[in-house]
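Just so you know, the sequences run in chain order A and B. Okay, so the first sequence: first residue is 1 according to my numbering, each after it adds one. Okay, so the second sequence: first residue is 1 according to my numbering, each after it adds one.
Keep in mind that the hints were calculated from the coordinates and are not lab data. Heads up, a few of these hints could be off.
[As the list claims (entries may be wrong)] Pairwise CB distance ranges, derived in the manner of DEER restraints:
| # | chain 1 | residue 1 | chain 2 | residue 2 | range |
| --- | --- | --- | --- | --- | --- |
| 1 | A | 151 | B | 153 | 40 to 46 Å |
| 2 | B | 117 | A | 192 | 38 to 44 Å |
| 3 | B | 29 | A | 223 | 56 to 62 Å |
| 4 | B | 279 | A | 153 | 38 to 44 Å |
| 5 | B | 236 | A | 272 | 39 to 45 Å |
[Unchecked claim] Calculated from the model, a selection of chain B residues having no Cβ within reach of chain A, i.e. all distances over 10 Å:
| # | residue |
| --- | --- |
| 6 | 30 |
| 7 | 142 |
| 8 | 145 |
| 9 | 165 |
| 10 | 168 |
| 11 | 181 |
| 12 | 185 |
| 13 | 262 |
| 14 | 269 |
We treat Cβ as the ideally placed atom computed from N, Cα and C, and that holds for glycine.
There are 2 protein chains.
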Amino acid sequence: MTVDRGPIAILAGAGQLPELMADRVRRTGRDCRVLAFRGFADAALRKKADAVVDLLDVKRALACLQAWRPSAVTLAGGLRRPRPSAVLNAFSAFRNREELSDLMGRGDDQLLRGVVRLLEEKGMPVVGVLDLAPDLLAPAGVQSARAPDARDRSAIETGLRLLRDLSPYDVGQAAVVAGERVLAIEGPEGTDRMLARVRAAGRASMWRRTAAGGVLVKVPKEGQDLRVDLPAIGPRTVAWAAKAGLDGIAVASGRTLIVDRDETVRVCDRRGLFLVGIDLASLEPSSAQDHAA
Amino acid sequence: MTVDRGPIAILAGAGQLPELMADRVRRTGRDCRVLAFRGFADAALRKKADAVVDLLDVKRALACLQAWRPSAVTLAGGLRRPRPSAVLNAFSAFRNREELSDLMGRGDDQLLRGVVRLLEEKGMPVVGVLDLAPDLLAPAGVQSARAPDARDRSAIETGLRLLRDLSPYDVGQAAVVAGERVLAIEGPEGTDRMLARVRAAGRASMWRRTAAGGVLVKVPKEGQDLRVDLPAIGPRTVAWAAKAGLDGIAVASGRTLIVDRDETVRVCDRRGLFLVGIDLASLEPSSAQDHAA
Chain A
1 MTVDRGPIAI LAGAGQLPEL MADRVRRTGR DCRVLAFRGF ADAALRKKAD
51 AVVDLLDVKR ALACLQAWRP SAVTLAGGLR RPRPSAVLNA FSAFRNREEL
101 SDLMGRGDDQ LLRGVVRLLE EKGMPVVGVL DLAPDLLAPA GVQSARAPDA
151 RDRSAIETGL RLLRDLSPYD VGQAAVVAGE RVLAIEGPEG TDRMLARVRA
201 AGRASMWRRT AAGGVLVKVP KEGQDLRVDL PAIGPRTVAW AAKAGLDGIA
251 VASGRTLIVD RDETVRVCDR RGLFLVGIDL ASLEPSSAQD HAA
Chain B
1 MTVDRGPIAI LAGAGQLPEL MADRVRRTGR DCRVLAFRGF ADAALRKKAD
51 AVVDLLDVKR ALACLQAWRP SAVTLAGGLR RPRPSAVLNA FSAFRNREEL
101 SDLMGRGDDQ LLRGVVRLLE EKGMPVVGVL DLAPDLLAPA GVQSARAPDA
151 RDRSAIETGL RLLRDLSPYD VGQAAVVAGE RVLAIEGPEG TDRMLARVRA
201 AGRASMWRRT AAGGVLVKVP KEGQDLRVDL PAIGPRTVAW AAKAGLDGIA
251 VASGRTLIVD RDETVRVCDR RGLFLVGIDL ASLEPSSAQD HAA
């Protein structure tokens, strides 16, 4: 990846990430330009941004980028929420309708791959948090005061196997597992809404006391483009997990963004949840069949 | 399976199924006793039942069954909704707490397996719709005026592969797939609520027009005990699928209960959905890897 000539261009969506990324880039002495999407990027960032563009104003966005001649482009912030399709929409004018509708019939993976392909066709390599701000990624090991117990570890293993087996389907990056029971699999609705669902189900259950608990397992799919689609958690995720009655959260170390790590761990400790980073590379290739009763 | 001496005992939960089963049993000249669960079984059925018992009154339920000396027992009607755990609860007095809490940590499969084991330990073989009323099962082939097109067939194939790959995890029996995109996987909340979720997501999407449609695929898990846990659809399922904007429904022929088949097909035709029964045995063992992009 050539990241040596020209500035880094940040296409800024919602949340703190764009600013954190800009900060990291500048700290390493590189030039940085921020293109903030109106309606998505934080107001504070928009004021400091080099350009503020409507998500649908593709012409201006492309013109900015081409004028800046960036050595690399990164997509940062809430571009998944309100949906990556909104991003694709922004670029749709440059593709024929058939190609677009073909992309739309596929999952998030393919959508984001489409955006990356478009940018790279314009001569702009796409980079991500792993390249620009690796310190924002989850470290390996237990981050919280509480550590997962044997039952939690078994739930984490089940969740990791499940998500790996789901990788070909481009569905969710996350699941909630209690013991050996899968309580929910994330769909396009996202992690927070999946947790809300688990919470609602727990409330409706007459088995609240015996069946309580569970672990949120969130890891990237195999083959997921981590430059544009990095699993993320933050204090809000922890709050939702606590409301759903979960015991803790397991993420892939080095492959998960933790938005505001200090506060995330603080909320974990305050709510009594564990947070653990699992080094996926260290796991032996185990068989899903092992789990069948 | 010995079904020749003694009556067939029907443990009756909610819905029309218990009455339909009793009717089928009597039509074949066999004796039939109905034990209706108060609060679950329909009022009309309760009046005709041989016994009406509280779900939690295990002692009386067992006493009835043992007095009837049934050749076989069947669990019919809404015993999944309000949760199979309620059934287990009814029998929990006969198991130690540790065993119970172990069962509770597992999925529906194991719960129902526990109930079956308990009944069989008492010398009562458990039978199901496949044994007693096979005419209530989905036939193979297209049942509706509309037939699935190429895109629908591709969605059905993806859904079948997905659910097969999920079999070891004891999670849902159903998924919604549009094109190659998985929109939802059923958790413990059940099919209707999953469809409500797809509906809500579709409403929130700016891509409603291009991304509309999809297929509800509902099939048993591999190794699922079809005597007590048969996937079911009915007119209400079709209504929910229509509200979610789906194109149709695919079920496993011979392995899916259609509650009120005539009305189910009528609602399909009225709402413009297809309904197709897939003969799972006829499908070649294809690889999930085929699907990876």
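Quick rundown of the hints versus the structure:
One distance hint, 40 to 46 Å for the beta-carbon pair residue 151 of chain A and residue 153 of chain B, holds here, with the actual separation near 42 Å. Distance hint for residue 117 of chain B and residue 192 of chain A: a CB-CB separation of about 39 Å, consistent with the stated range 38 to 44 Å. Between residue 29 of chain B and residue 223 of chain A the beta carbon distance is about 59 Å. The supplied range of 56 to 62 Å therefore holds. About 41 Å separates the C-beta atoms of residue 279 of chain B and residue 153 of chain A, a value consistent with the hinted range of 38 to 44 Å.
Checked against the hint of 39 to 45 Å, the pair residue 236 of chain B and residue 272 of chain A passes, with Cβ atoms roughly 40 Å apart. For residue 30 of chain B, the shortest C-beta to C-beta distance to chain A comes to about 33 Å, beyond the 10 Å cut-off, and the non-interface label holds. Distance check for residue 142 of chain B against chain A: the nearest CB is about 22 Å away, which clears 10 Å, and the non-interface claim stands. The Cβ of residue 145 of chain B lies farther than 10 Å from every Cβ of chain A, with a closest approach of about 25 Å, so its non-interface assignment holds.
A Cβ of chain A approaches the Cβ of residue 165 of chain B within 10 Å, the least distance being about 5 Å, so the stated non-interface status is violated. For residue 168 of chain B, the shortest C-beta to C-beta distance to chain A comes to about 4 Å, within the 10 Å cut-off, and the non-interface label is violated. Look at residue 181 of chain B: its CB is around 5 Å from the nearest CB on chain A, not clear of 10 Å, so calling it non-interface is violated. Residue 185 of chain B, annotated as away from the interface, has a beta carbon of chain A within 10 Å; the closest lies near 4 Å.
Remark: the non-interface label on residue 262 of chain B is consistent with the geometry, its nearest Cβ contact in chain A lying 32 Å away (cut-off 10 Å). Distance to chain A confirms residue 269 of chain B as a non-interface residue, since its nearest Cβ pair spans about 26 Å, more than 10 Å.
Checked against the numbered hints given earlier, this structure breaks hints 9, 10, 11 and 12; the rest are met.
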